[in-house]
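Those protein sequences? They're chains A and B, same order as listed. Per this note's numbering: the first sequence = residues 1 to 146. Per this note's numbering: the second sequence = residues 1 to 370.
Derived by calculation from the structure, the hints in this document are not laboratory data. The model shown is predicted, which means the values in this text are computed figures rather than measured ones. Each residue gets a CB set at the ideal place from its N, CA and C atoms; glycine is no exception. Errors might be hidden in some of the hints.
[Stated by the list, open to error] With a straight-line cut-off of 25 angstroms between C-alpha atoms, the simulated BS3-like cross-links for lysine-lysine are:
id: 1; chain 1: A; residue 1: Lys7; chain 2: B; residue 2: Lys330
id: 2; chain 1: B; residue 1: Lys19; chain 2: B; residue 2: Lys67
id: 3; chain 1: A; residue 1: Lys16; chain 2: B; residue 2: Lys321
id: 4; chain 1: B; residue 1: Lys286; chain 2: B; residue 2: Lys301
[To be verified] Label pairs and their in silico Cβ distance ranges:
id: 5; chain 1: B; residue 1: Glu369; chain 2: A; residue 2: Asp64; range: 35 to 43 angstroms
id: 6; chain 1: A; residue 1: Gly28; chain 2: B; residue 2: Ile161; range: 52 to 60 angstroms
id: 7; chain 1: A; residue 1: Gly28; chain 2: B; residue 2: Glu281; range: 18 to 26 angstroms
id: 8; chain 1: A; residue 1: Glu65; chain 2: B; residue 2: Gly166; range: 52 to 60 angstroms
id: 9; chain 1: A; residue 1: Gly85; chain 2: B; residue 2: Glu369; range: 40 to 48 angstroms
id: 10; chain 1: B; residue 1: Gln362; chain 2: A; residue 2: Asp54; range: 34 to 42 angstroms
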Amino acid sequence: MNMEAIKQISIFMENKYGKMARGAKALGDAGVNIRALTIAEAGDFGIVRMVVDDTEKGYKVLSDEGFTVSETEVLAVEIEDSPGGLYEIANTLGMNEINVDYAYAFVTAKAERAMLILRVDDVKRATRVLSEAGVRVATGEEIQQI
Amino acid sequence: MFEYWNPRIERMPIKDLHKLQEERLRTIARYVYDHSSFYRQRFREAGVEPEDIKELSDVTKLPFTTKIDLRNTYPTGMCWLPKDWVGRYHVSSGTTGKPTVVGYTQGDIDMWTDSLARALTSIGLGRGDVIQVSYGYGLFTGGLGLHYGAEPWSDETRRRIEESTGIKAYDIYGTSEMSGPLCSESHLQNGIHIWADLFLIEAIDPKTGEQVAEGERGELVVTTLDKWAFPLIRYRIGDLTIVNNEPCECGRTHPRIMRILGRTDDMIIVRGINVFPSQVESVLMKIPEIGDNYMIIVDRKGPLDVMTVKVEVTESAFSDKIADLMSLSKAVSQQLKGVLNIMADVELVEPGTIPRSEGKAQRVIDNREV
């Protein structure tokens, strides 16, 4: 288990009216806050990926609601909110032959910095090379406290 | 233009036709009893001897034969003639289990030729006409000679085909056990003539096995009267229809079946290919990434049938990557194609969303208008 890796919740969702609302309501009722969210669509179905403040609880309520849910380790890295901010991260990973499966970004409440959620093929090595390059990798606790 | 190929037979007075059927029924009952250990045993189980078959109505004393019998006697248990008497074997593709082997003597082939010639003549074909076989051949086909893909259609579909192509479309009927396609409607398009000198047909209640009243819907049962390598006694084809014994205005006296109204089993016909839900089930059971529940949905998009199979993704197989799920649905589709010979769209759905089986589960939703 990697200290820096954070858990993302992925939900298998049929492409139908009201599905998203049902999931969102379950989280809302349980007091789980969504930090970042993205939907990947593939025709009949999609995968909703999200980082929440309480992963364990989020996973449980969605699962109880009948959704097919999985947890995935992702990285949350701080990204300069200025031109070229993404380049440093992408280049570091690329030079080290680490593949990015997908990524999505969000801006924190303080809006000083943006956060980039990354799913990479080697979380451990990605954390190391990014840290060495001076990129700050957020911990699960930090995400919770945003 | 609309003539008869064999006017003596086709227009034979019903009384004479029944007499001919009666003679042939007696002969075939004696023939199978004497030569086939399968039928001899069946007759004995039913407590019937060939001598008990005196008139046409005595056919009900004879035992039924089913597809299961054909499979159980694979390969040639029901086609017991020495090989040098058999001119041809036709073997089904065996998509639903063991293939069925149907043998033909040269006389059987001639019988088939004659009956198809009658059918084609009755819709106005004749000397100098060219038949185009417009069939997409795969490694499975049904029928011999003139090829056909049988599919249920409605009058509406027929009208659309006729209007858009400017040609007449006719119902044609036959199963591989009967010898393939050999019966059709006449040019009047009001029911398929089943040649009574060759086949004795009955409509029975699939539950009780009793003959239904004239004009009522029942399961078609066929006894072959002039087929020697592979005779069939009261064979239950599984198609539901209505038998009409009234002579047709076209002058033919032979009984007609009015339309195939459905099946006694859960078989569906998609793009001319027989599909049993049990085949789909056996494929799905072997794929651990999906659950045991499934739903088959058949739609008609334009002129073509589209089959969709809905399956549930299991929690353990859900990987968070779209590519994994896409390759899962592709793999399921390919495995289905390997067994069914047709392409099915596979739709992944959430676990628990497909209705659970309570008693006999509804596995097929057929949205085609038939």
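Checked hints:
1. A:Lys7 <-> B:Lys330: violated, 29 angstroms
2. B:Lys19 <-> B:Lys67: violated, 29 angstroms
3. A:Lys16 <-> B:Lys321: Answer holds: lysine 16 (chain A) to lysine 321 (chain B) is near 20 angstroms, not above 25 angstroms.
4. B:Lys286 <-> B:Lys301: Violated - the C-alpha atoms of lysine 301 (chain B) and lysine 286 (chain B) are around 30 angstroms apart, more than 25 angstroms.
5. B:Glu369 <-> A:Asp64: 35 to 43 angstroms: Check passed, 42 angstroms falls within 35 to 43 angstroms.
6. A:Gly28 <-> B:Ile161: 52 to 60 angstroms: Roughly 54 angstroms apart at Cβ, these two residues keep to the hinted range, so it holds.
7. A:Gly28 <-> B:Glu281: 18 to 26 angstroms: Hint violated: Cβ distance 40 angstroms, outside 18 to 26 angstroms.
8. A:Glu65 <-> B:Gly166: 52 to 60 angstroms: holds, 57 angstroms
9. A:Gly85 <-> B:Glu369: 40 to 48 angstroms: violated, 59 angstroms
10. B:Gln362 <-> A:Asp54: 34 to 42 angstroms: holds, 41 angstroms
The structure fails hints 1, 2, 4, 7, 9 (numbered hints given earlier, in ascending order).
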